[in-house]
Amino acid sequence: MAIEVRIPTILRTYTDGEKAVEGSGATLAELFADLETRHTGIEARIVDDGKLRRFVNVYLNDEDVRFLEGIETKLSDGDSVTILPAVAGGMV
Amino acid sequence: MRYDSPLAAVGNTPLVRLPRLSPSDDVRIWAKLEDRNPTGSVKDRPALHMIEQAEKDGRLTPGCTILEPTSGNTGISLAMAARLKGYRIVCVMPENTSEERRQLLAMWGAEIISSPAAGGSNTAVRVAKELAAENPSWVMLYQYGNPHNAGAHYATTGPEILADLPSITHFVAGLGTTGTLMGVGRYLREHKPDVKIVAAEPRYDDLVYGLRNLDEGFVPELYDASVLTTRFSVGSADAVTRTRELLQQEGIFAGVSTGAALHAAIGVGNKAVKAGESADIAFVVADGGWKYLSTGLYTAATTEEAIATVQGQLWA
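If you're matching them up, the sequences are chains H and P in order.
Counting from 1, one number per residue, gives the positions in the first sequence under my numbering.
Counting from 93, one number per residue, gives the positions in the second sequence under my numbering.
No wet-lab data here; the hints were simulated from the structure.
In the SDA-like style, the derived pairs of lysine to any residue whose C-alpha atoms are separated by at most 25 Å in a straight line are:
#1 P/K366 / H/L60
#2 H/K19 / P/A210
#3 P/K288 / H/F67
#4 P/K363 / H/D77
Work out the full structure: start from the sequences and follow the hints.
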């Protein structure tokens, strides 16, 4: 099951500079764990104590996952996940 | 329609159906034309309301200096009102904002203090807060945290939309200070509990995010996630595409953030069509395209060319 994950500039040190990588998982939590197996250290920058970090926004097909099921949001083949730092216009 | 003064003509903007961009006869998209306000943007509403409330509270008195961090529209609205009411105004804006905006501010007599481009509006907010601390007599209305920003929309934009479109199912607007979404959202919820409030958040170019740290961030004090049903991130390519479609198919010449809101409106509209539901979706045309002409996006021969030409120019 292939899911495209768009990586923000600040996390590209974990992906050898790649702007997008592929991953797999039935939920976002599984996807981030899968990314961790190839991009050591990336998971802890996104997830803290089983939750998304406060100033990290994650979008599934452009929709903010905090309004879906957060880190337990279910994924399907062909989905696109975007990770971004919060900027003015913000989030909580 | 007749008004006693230019300032009294803020608000009461048209709500128009978009017959060509609506997904179907049962799923209709309506544009709230906020570019029809006196200075040409939705920000006339919160700017005037924040000033009038500050006058009422006694914070703002004749001869006062107003200070505000702004990337453009709010400053322009405040500057016009300040000129008519006799206040001095100082605006803090990122050094890379467009020439059109600088001229518009200067033309109303605003003084501009540039903040470093790095960090964009986050930095403008920080610089303005520092200036406010150094100049205690200046009055910072502070659109990101002033409840009267959302209050303006609660008092005017929301009631206007509900009066024109009692069958409304979705309200869509851009997410910046969050004032429009918070104010209209709260008003509509009170009157139509099932209404869906949808935020369209601009997704900036890599350049902007590259300067951010994942451990710091800026959340406008006004933001209350519980008002929103959902929130979409709209990339500049989609925003530019929709801005051009709005111009070419419906004849509406709007700014780029409007394209982002339209993209989200069409997105929820297509979902309603798939689900076999009818919908009346209102979205906000925040400003006209005039201030963005220098980007070249309206006259580019193709949308691909327009997207390429705005790279690095948008969302300062």
